[in-house]
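Based on the hints, put chain P in the right spot on chain X.
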Amino acid sequence: MKIYQVAYKNLLRKKVRTGLTLLGIALSAWVLVSLFGFNRGYERALNRDIDNMGFQVLVTAKGCPYEAATLMLKGGTGLRYMNDSIVVDVLKHPEVEKITPMLMAAIFDPNKGESGGISAFLGVDPATYPAMKSYLKFTQGAWFADPDATEAVLGYEAAELEQREIGDKLLIPEKNVELRVVGVLSRTGTQDDGTIFVPLRTIQKVFEQEGKLTAIGIKVKKEANITLVEQKLYDLPDVQVVSLAQVKETIMSLISTAKMMVFSIALIAILIAMLGVVNTILMSVFERFQEIGIIKSIGAMPWDVFKLIWVETIILCLLGGGLGIGFSFILSKITETLVRSLLPYTPTGSLVVISSGLGLLTMAMVLGIGIISGLYPAWRAARVRPLESIRREGE
Amino acid sequence: MNCQEWALEATGITKIYRRGSEDIPALDGISLKIRRGEFVSFVGPSGSGKTTLINILGCLDNATSGSLSLCGKTIFTERQRLSEADLTRIRRSVFGYIFQKFYLLPTLTVLENVVLPFTFFKKAGADKDPLEILRSLGLDKRTNHLPGQLSGGEMQRVAIARALVNNPDILLADEPTGNLDSKRSQEIGEVLRRLNENEGLTVLLVTHNPALARLAGRTIELRDGRIQGGASPEPPDSGANLRECS
Chain X
1 MKIYQVAYKN LLRKKVRTGL TLLGIALSAW VLVSLFGFNR GYERALNRDI
51 DNMGFQVLVT AKGCPYEAAT LMLKGGTGLR YMNDSIVVDV LKHPEVEKIT
101 PMLMAAIFDP NKGESGGISA FLGVDPATYP AMKSYLKFTQ GAWFADPDAT
151 EAVLGYEAAE LEQREIGDKL LIPEKNVELR VVGVLSRTGT QDDGTIFVPL
201 RTIQKVFEQE GKLTAIGIKV KKEANITLVE QKLYDLPDVQ VVSLAQVKET
251 IMSLISTAKM MVFSIALIAI LIAMLGVVNT ILMSVFERFQ EIGIIKSIGA
301 MPWDVFKLIW VETIILCLLG GGLGIGFSFI LSKITETLVR SLLPYTPTGS
351 LVVISSGLGL LTMAMVLGIG IISGLYPAWR AARVRPLESI RREGE
Chain P
1 MNCQEWALEA TGITKIYRRG SEDIPALDGI SLKIRRGEFV SFVGPSGSGK
51 TTLINILGCL DNATSGSLSL CGKTIFTERQ RLSEADLTRI RRSVFGYIFQ
101 KFYLLPTLTV LENVVLPFTF FKKAGADKDP LEILRSLGLD KRTNHLPGQL
151 SGGEMQRVAI ARALVNNPDI LLADEPTGNL DSKRSQEIGE VLRRLNENEG
201 LTVLLVTHNP ALARLAGRTI ELRDGRIQGG ASPEPPDSGA NLRECS
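Heads up: the protein sequence lines correspond to chains X and P, in order. Using our numbering, you'd call the opening residue of the first sequence number 1 and step up by one each time. Using our numbering, you'd call the opening residue of the second sequence number 1 and step up by one each time.
Chain X extracted, bound-state conformation (with noise of 0.2 angstroms):
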């Protein structure tokens, strides 16, 4: 007979306790894999929403306001512009994932309100905008697909302020040049939500402003980093470089946070898990203290039995360590589902993302967890002196 044979014997002996036991040990690697799973999820999830906002940095000619406030602000005035030659430069640099180009246009429209107001237009390329804001949605129609058309998709809010829908037009002032509504996006809470979009070579044509961009929109690759491309682009002659990276970097100093949080939560259920296996063993060392004295006496030398109970402490381990990991496979989804439920904000997407490589990381740390707690009571046990017991037979 093999000693894990033996081991495994002994732990059918108090099954109550031994099950117990393996029910913590299975609660905590559960809670060990939820919560790192909820941690590589969150994080993942959390990006990904970063990134449908689109792009992370902006190029825009020297000097030009970037956001709608500044240009009204101006009264539509102070644009600059760059060539569009700029964005074989841009895409020279093989950290750029994809670019979009765009020309901001702005006019004085009297019919606007009850003074007249800055009508903004924004060309976009329709072949790369809209993959690059895929989180835009529509109340109404779709984009425009051809680059020439005379065509809008409003924001939210401007499509209220021309009270348009779908089909109907819409006159570019002092230009007049109509255009006809294909889509209203849904409200964004951004910028976005007054403006104006126009295929970028229409906008180019009706404001004489061909071969011209105000600004590229710029996605970085995921592994590059990006104050390091931002530095790259301050290269390029009259740009200026605005940047989304720090928003990006105080949510993720905000996650490191959490993470702190998770991992102290994480060791408070190791510590529970390992002294309920302390606890277990140790007990189950002095109830059966005159049984290893006779193993001592039948044979067995003080590692032999530190084997003994060691080997039994791993086995509690590994089998509560995979039912526990096997709840977390089995139960992720009504973990999300608790998990949405309890946070006041989550992004989209998986939250918590189980995969074998963390069950097998939780399976290796529970085995960790299993070798420590049983060296004590493993200890303990080898150190029984046949003597004792056979002492102890007689009281």
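None of these hints come from the bench; they were simulated from the model. Since no wrong hints were added, every one of them can be taken at face value.
Chain P regions said to be covered by chain X (calculated; three or more residues, Cβ under 8 angstroms):
#	segment
1	53-66
2	80-88
3	97-104
4	110-119
5	160-172
From a predicted model like this one, the values you see are computed outputs, not experimental measurements. For glycine and all other residues, C-beta sits at the position ideal for the given N, C-alpha and C.
This is chain P only, laid out in the frame that chain X set:
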């Protein structure tokens, strides 16, 4: 260990327990010789020191002073203390033990309990089939039973089988019938006698039971840590069933 004529030679064995500042003598200079293949019983009232003596002879404990040789090999001499590991090494190559309680692992079958010593140590030459040992003890139909399904006498016979599986030179039995009724006690006594007569196994038996003690070829009576005058510390010249030791 290669047994010589003497299975066991003890000289001037004393054991003093210290309780606080008080020294309590348990054994007072005991000397005895046990021939290979002898069956010796140790009797005496409670507290006479018989269990203490057999624990020291069986290397379960160190003596305070004295010397011990097993099968011609010196185990310890004056005031020499052996480590737990050394004692274990000697125990597992020389002795088989049975006690008042049977200490069978309740989740192991009879056969698994018997071969349990092999999990930790298999003595060279311990090649007797465990099933054959069980058969010789009348347990061949109980091999797959759990201890909880056996009677007290059967459990003690399983404990004897476990003690025999590593082919010991000396079998130590400390009150082996203490938990059994008279009929079962007699059965166990007969098993020990048969092992001694048929197998030539050296048997040291501690008992309160006079009928059991009478089965032995020699009885040593202890009182107050000394061998009583009537008991012979040396065996008769012959009469022991000699067998080759492993």
